[in-house]
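**Student:** Take a look at the letters that make up each chain.
2 protein chains.
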Amino acid sequence: MRIVSYRDNGQDRIGVMTGADSFVAVAEVAPHLPHSLRALLGSSDGLVRLRDAVAGKAGTHSLKTAHLLPVIPDPHAIWALALNFKTHIEETGLVTSKEYPHVFVRTPLSMVGHNQPLLCPPPSVAKQFDYEGELAVIIGKGGRHIPVEKAFDHIAGFSCFNEGSVREYQSQNRNFGLGKNFERSGSVGPWLVTVDEFGDPENRRVITRLNGIERQNAPLNDMLFTVGQVIHFLSTGYTLQPGDMIAMGTPGALPPYPGENLAPIGRHKILGAVNMKPGDIVEVEITGLGVLANPVAADQDVAYRSQ
Amino acid sequence: MRIVSYRDNGQDRIGVMTGADSFVAVAEVAPHLPHSLRALLGSSDGLVRLRDAVAGKAGTHSLKTAHLLPVIPDPHAIWALALNFKTHIEETGLVTSKEYPHVFVRTPLSMVGHNQPLLCPPPSVAKQFDYEGELAVIIGKGGRHIPVEKAFDHIAGFSCFNEGSVREYQSQNRNFGLGKNFERSGSVGPWLVTVDEFGDPENRRVITRLNGIERQNAPLNDMLFTVGQVIHFLSTGYTLQPGDMIAMGTPGALPPYPGENLAPIGRHKILGAVNMKPGDIVEVEITGLGVLANPVAADQDVAYRSQ
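Quick mapping for you: the protein sequence lines, in order, are chains A and B.
Numbering-wise, the working numbering puts 745 at position 268 of the first sequence, and it's gapless, one number per residue.
Numbering-wise, the working numbering puts 728 at position 251 of the second sequence, and it's gapless, one number per residue.
Since the hints were derived computationally from the structure, they do not count as laboratory data.
Misleading hints may appear alongside valid ones.
Stated by the list, open to error - Derived DSS-like pairs (lysine-lysine); straight-line CA-CA distance at most 25 Å: (1) B/Lys618 with A/Lys604; (2) A/Lys604 with A/Lys746; (3) A/Lys575 with B/Lys604; (4) B/Lys754 with B/Lys604; (5) A/Lys563 with A/Lys575; (6) B/Lys575 with B/Lys746.
As the list claims (entries may be wrong) - Over 12 Å on every C-beta distance to chain B, these chain A residues come out as not near it, computed from the model: (7) Val506; (8) Ala535; (9) Val602.
Ideal Cβ placement from N, Cα and C applies to all residues, glycine included.
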């Protein structure tokens, strides 16, 4: 089952995909079910009831015209991993604990859904706005002190994650802070693929394309800490919640293509990485899952706006 | 106006204090108002309508028997500042940017309200569970690119914050991550004092007591970055939201008392700091605001629990 979150008349809604582009609007065929994916995952047998409710129903809505939201628009927590791919550790030259996953937190307002624009900061604020293609894990059943071998019992599914980063802000201090939390700087989608359909991500790849050109392409078994290890680690500290999302970290850059004249970028002088600019299209694909695509738009000028 | 959030029959509710212990249950006298403080702050003239609704009403509920929640139980973001007091920078010997506030994120489940127990991790998980007395700023009106001199127009009020930290986890990697996000490890309350009543926090002090003994006592004008500067900084990155909370950082420890035999604790060997243990009572006072008190309880044993 592939599940989308979308906005309809100001309300968060759930859809279940029936084809490449079409989906069933769950509120229309099963108005008794929770209307948000987080609430559905937190309800008893939520995914089973969803599957039963949409069985045999035709997909009458289109991804192209829907306003897609982040797979979970209102999670309790969005965790992200720093330096979890060996190739990314090597290219940055940074050191990270081999004992404990390196985690930080993103806020919901820093995320958008599939097809929605990412906002590139004005150049006077920052110039290094970067993609990071990642696997997203979405928690289904909450739990504490979850053993590694039980971790998959707590996963609802997976998605593609673009962990968009504003590098100048990320490196201002020890904690990444605001650099990982610019408004609409990251994305997750297009949908949640349930774990029964996707299987173990170890056998998949993550691929990032900027304007159609591959910039990252790596197997998901190159991670320093596996999905199960990270779930175990986080659940040592708190009771994981239905709808919590974990972005599993990004791999290293592909080398520049023959004849391509790319300068190394960022404070770590990474060759093959490219900053995002307004007008770009960025895609994160997880093989066997789908492609998360976002246009990049210029954020508004630096001017005081009160709500 | 002093406003509390509390739980009643599984629902989040708002109360307005009428005495040292008594409060008006807003849902009883004004059921048309939003039932959560975040929603109230986000509604047009929310605080004005609240003030009008409770004017002249008697406080029929007691703090002692209420289940108090964090001042904002469901914020979009809880920001906290690292190394924002000169005395704390000195005692740790750490370096932080003098240009950019050093911020990180806490999750809602890491927080409890006044009088609710903080959970001390089992010794097999961590032994260094520490208080950090801080001023909390609660955003009222959202905004982007807020000038320092307009910052107070965006503040709903202030509260006391105990930014409880699990030191071993905080120092595992560059980002504090899970070390600032253990379940029920921090607290905020007892209430929000509106900015019109509290004025500028620069003239107040923050005091932390463990089992009645003062361990921190510092003026709030010793901050490296002021409330206005931090609001300006965060709003460069995203549109601050009604109910967002900012914990302004903790001051240094008071020296041990004459005759007191305290060993320096933690990796920074801070003299005068004391780890929290089950059975302790920890209090954070902001002068002119109130006292946030929490008992410390042992968290459950390390055992797999599935929800």
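**Student:** All the hints need checking, so say for each whether the structure fits it.
**Tutor:** Against the structure, the hints come out as follows:
Only pairs whose Cα atoms come within 25 Å are accepted, and B/Lys618 paired with A/Lys604 is rejected, the gap being roughly 29 Å. Note on A/Lys604 and A/Lys746: the hinted pairing holds, with a Cα-Cα distance of about 15 Å set against a maximum of 25 Å. For the hint pairing A/Lys575 with B/Lys604, the CA-to-CA distance comes to about 21 Å; that is within 25 Å, so the pair holds. A hinted pair counts as satisfied when its Cα atoms are at most 25 Å apart, and B/Lys754 with B/Lys604 qualifies at roughly 9 Å.
For the suggested pair A/Lys563 and A/Lys575, the alpha carbons sit about 11 Å apart, so the restraint of at most 25 Å is met. Taking the CA atoms of B/Lys575 and B/Lys746, the gap is about 24 Å. The hint holds against a cut of 25 Å. The claim that A/Val506 lies off the interface holds: its Cβ sits roughly 28 Å from the closest Cβ of chain B, which is beyond the 12 Å cut-off. At the 12 Å boundary, the C-beta of A/Ala535 stays outside the reach of chain B, the nearest C-beta of that chain being 35 Å off.
Not every Cβ of chain B is farther than 12 Å from the Cβ of A/Val602; the closest lies at roughly 6 Å, contradicting the non-interface assignment.
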